[in-house]
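**Student:** So the chains spell out like this:
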Amino acid sequence: MKRRTFLKVTGGSLVALFGTGAAIWSQMPVLPTRPAPDAQAAAGWISHKDGKYILTLPRIEMGQNITTSLKQIACTELGAAWNAVEVKLHNTSMQKVRSTVGSESIQYFAEPLAQACAALRDALTNGKTVRDGERIDPRPVGELKSFQRSAFDRQSPELVHGREIVTGKPLYAADIHRPGLVYGRVLRAPSSSEVTSKPKSWNINAAHVVPGFFGVIEDCGPAIGKATGLGIVASRPGALSLIADALDVEWEIDTHSPQSDIQTLINVDRHLNNGSLPHTVLEGPLQDSDWDINLRVDLSFASHGQIEPRAAVAEWIDGQLKVWAGTQDAFFHRDFLADHFGVPKGDVTVQSCRIGGAFGGKVPCSVEAEAAALARAVQRPVKVQWTREQELTQAYHRPPSSHRVKARLDNGRVSAWDHQQVSSHVIFTPFAIPKWLQSGTDLAVGDPGTARGMETAYQFARSRAQYQLERLSVHTGAWRGLGAGPNMLAAETAMDEAARIAGMDPLDFRLAHISDPRLKTVLERVGSIANWRGSAQRTMGRKRFGRGIACGIYKQVSYVATVADIILDDDGEITITHMWCTHDCGRVFNADQVKAQCEGNLAWSIGMVLCAGLPVKDGRVVAEGFSDSPVPIMSQFPEMTIDLIESSEKPVGAGETALMSGPAAIANAVRSATGIRASRFPLEPKELAL
Amino acid sequence: MSFVLNGEKHSIPAEWADEPLLHFLREHHGLVGAKFGCGRGECGACTVIIDGVAMRSCITSAADVEDSEVRTIEGLADRETLHPVQSAWLEEAVPQCGYCQAGQIMSAVALLEENPAPSDDDITAAMDGNLCRCGTYQRIRKAIQRAAEASA
Ligand code: FES
Ligand code: FES
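Here the protein sequences come in this chain order: P and Z.
Sequence positions in the first sequence follow the working numbering and run 1 to 690.
Sequence positions in the second sequence follow the working numbering and run 1 to 152.
Treat the hints with care, since some could be wrong.
Unchecked claim - The calculated lysine to any residue pairs, modelled on SDA-like cross-linking and capped at a C-alpha distance of 20 angstroms, are:
| id | chain 1 | residue 1 | chain 2 | residue 2 |
| --- | --- | --- | --- | --- |
| 1 | P | K169 | Z | H28 |
| 2 | P | K169 | Z | G7 |
| 3 | P | K169 | Z | T81 |
| 4 | P | K520 | P | K617 |
| 5 | P | K617 | P | R680 |
Calculated from the structure, these hints are not laboratory results.
Looking at chain P on its own, in the form it has when it is part of the complex (with noise of 0.2 angstroms):
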C-alpha cells in the first residue's frame, strides 16, 4: 500500500496526527512510506558491460530465496545466460527501496524488473544502451517473457547462493572481516526497556585484568527503549562475557512498577465486561443473542527464534561509516545512523548482507548503532553479534492475544459471527513511533498489524470484529503473517466448532459459507490430496489419531488451505503425522521455492501450537536460550505435501500465506483426536493426557 493510501484508508485523522513532514517519515520503519518501484526504477537495478550483467537486488535476502527467482526473472527476460548474470546485493548508494517486509518481492518488483530487463534487451538489440533516466515504455504484461512461461515445466535452477552456503563461504554481517577489528557488546539492565534503567557503578579494575580486555565505552549508542547501556570491547569476542562479569555493573532502574500481570492485563473477558472493545475491523450489526460457539482462545508471547542474533560490522574512515548489516531495510538504517551521528546521511553506507533469518524482527536500527559507536570510540572497526540472551530480551516479540470467537447457527449456517480480540502493537511500536504519537494511534487508528485476519473470508450474514491494544512492557512488533497467524487461528478453530455443532463437515461446511471460487478451489484441493472424505476417526491401539482442516485469504490476494493428521500418545503428547497444503499464490516463478515458504509457514504453524512460548515475569522476558524458547526440531516434523495451483492470475507472495491455515489445522486435529477444544497456545500435553 502507498502512503498516501495508507492515510486514505486509516482516516483523515491520521493526516492531523502525523503532520506532513517528512521528517516523522523517516523515523519509520514499518510503514510503507515509500512507494512501490516501476520499470524506471527498476532500470537501475540491472546494468550490462561487456557481455556481462549485474543485478544490483533491490530486494533483502534472508531465506525466501527472492534472489533465485529475480535472477531467473532477469535471464529470461534479457535472453542471458545463468552465468552471465551476476547478482549483487544492494547497499544504500542505490536508488532507495521499499524495506523487505510483507512478501511483496514478487508482487511488487517481479514485472518492474522484468519490464527493464525486457527494455535493456531490445536496446542492446538494436545497438543500443538505456541511458540512466530514460523513459521505459511499459509493454503488456503479456508480451513479458517470464511472464508466459509456466514455472511447473521446468526444474529450479541452483540456488543463488547456494554453493557458497554449503561451503561456508562469508554471506552473513557476522562473517565480514576487517583490518583491526575489535569485539563489542552493549551491556544493559536486567530489567523491561519499558523501565528507565542505565549504568551505576562497575568495577573497571577487575576488567583490566580480563585477557583481551580493550575498552569500557559510555557513549555507546541509542539507548533501546529506556534502557541505557553500557559498551565494552575485547580483542577476541568470547572475552566479552567475561568483562562484563569482571566489571559486575550496578544499575540504576527506575522504581516505576512494572507490569506483573500481562495475562490478566490482556484478558479479553476482563475488558469485555467493561463494555465494548474501541477498534472495528467488520461492523456487523450484532445484538447480543444466544451463541452456538461461544470459544476463547489464547495465545501466550512469542520469539522469532530465527537461528542468526542479529550482527553487525561498523568501520569510521575519515568521519565517514560504513556498516555491514543484516536487515530488512538498509535505507532506514543509514537514515537512523545518521540523524544519531549527527553526519550527512551521503556519508554513511549500509551494505546489506545475506540475513539468517528475519520474519519481521529485523527491522530496528539496534546492533548497528552500537557497532557504529563502539567503532567510533575506539576509531577500530568493531563486530557486535547479539548474544541469544540479547536477542530474546531486547528484540520486540509477537504480542500475547486473547479472543472470544462466538457465532450462532441457524440452519446449518453461520448467521453471526463476531471476534473481539485484546492485544499489543505489532506495527505502531515504540520501535516505530515516538510516545507522543502512540496514544493518538492508539485512540485514532489502533493496529492494522494487529488486526490482520480479523476480516473473514467466509459469507456471514452478519459479522463483527472488534478490538484493543494494551502497551506492555514487553515489547512486541512484526512476526511473521502479523496478526494474522493468531486471529485465524482462533477464527478457523472456531469454525471448526461451528461445523461440528451443525453436525456437518468441516470442509463441506466451510465450502458453504465460500464465494471465493479461489478460495473454494484450494479447499476442494486439499480435500482431495489429502484423502480428507475417505478418512474416519480411529484410534490404533491407545493412540489417538485426528485430522484437521483449515483454510485462509492472506492479505486479500493469496489462497490456502491445510490438512493435518496427528496421533496423539497417552500422555498427550502430540506427533503431528503428515501436513498437506494447497497454495495459490497466482503466478508462480519459481515452484520449488514457493514450496519451501510452504513448507517453512508449516514450520511456524508447528510452533505456534506446539511450543512458541516466551517466558515473562515481572513485565520482562526471562528467558536466555532456545530450551527456555523453543522452535520445532526435526522429530516435531511431519511429512509435508505442498499443492500449487498452476495460474496465470497476478503473481503475489508466498512467505506468510500458509500460517494463515497451518495453525488451526494442527488445532482442529487435536479436537477430533482427544474431543478437547483447546483454548490456550501453545498446548500444553498434560491437558490432553488420558
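Could you slot chain Z with the ligands onto chain P? The hints should help.
**Tutor:** For chain Z with the ligands alone, coordinates are given in the frame of chain P:
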C-alpha cells in the same frame, strides 16, 4: 599446543586457548562456515567434526582440541568437487536463510560416516539437535537419503 584443521597442522596460540573453538575458527582462522546461534549448545549452528564426532564448537574451547583433528565445512569439498552431502544439499535446494546449514551438513556428514545407510529414525536421532527455524527439515532428510544413495 597444536591441532589438525582440515588436514593441516596448526598451533593454538596461548591467547586463543580459552576461547570457544567457534570464535577461534571464525575470527582467527577466518573459517566462517560454522555459525554462532546460541553459544549454549542448543542449536547446532556451530557444529564441526572433532575426531569423527559432530560437536558444538561454541561450548568446546580451543584448548580442548589439542592433538585432535577438526573438520569444518570448508574442508569438505575437494577443490571444486563437492562432497556428496554438499551436492545433495544443492540438488534438494535445502537452504532457505542458510544460517543453520553448515551445522546441519556437518552433523549429516558425521552421521553418514558412522552409518552409511541410516534409517529415518537414525536420521532424526542424529539431526534433532540441529535447529532450523526456516523449516527445511524435510529437505534435510531427503538430502541425507540422497547422499547415502549416491555413496552406496
Ligand atoms: S551456537 Fe553452538 S549450539 Fe548454538
Ligand atoms: S535455513 Fe534458515 S535456519 Fe535453517
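**Student:** For the pair supplied as a hint, K169(P) and G7(Z), confirm whether the alpha-carbon distance does not exceed 20 angstroms.
**Tutor:** Holds, at roughly 19 angstroms.
**Student:** Checking one constraint from the list: CA of K169(P) to CA of H28(Z), max 20 angstroms. Satisfied?
**Tutor:** holds, 15 angstroms
**Student:** Has the given pair, K520(P) with K617(P), been kept, meaning a C-alpha gap of at most 20 angstroms?
**Tutor:** Violated: K520(P) and K617(P) sit about 44 angstroms apart, past 20 angstroms.
**Student:** Please work out if K169(P) and T81(Z) have their alpha carbons no farther apart than 20 angstroms.
**Tutor:** Holds, at roughly 15 angstroms.
**Student:** Does K617(P) pair with R680(P) here, judged by a C-alpha cut-off of 20 angstroms?
**Tutor:** holds, 18 angstroms
Checked against the numbered hints given earlier, this structure breaks only hint 4.
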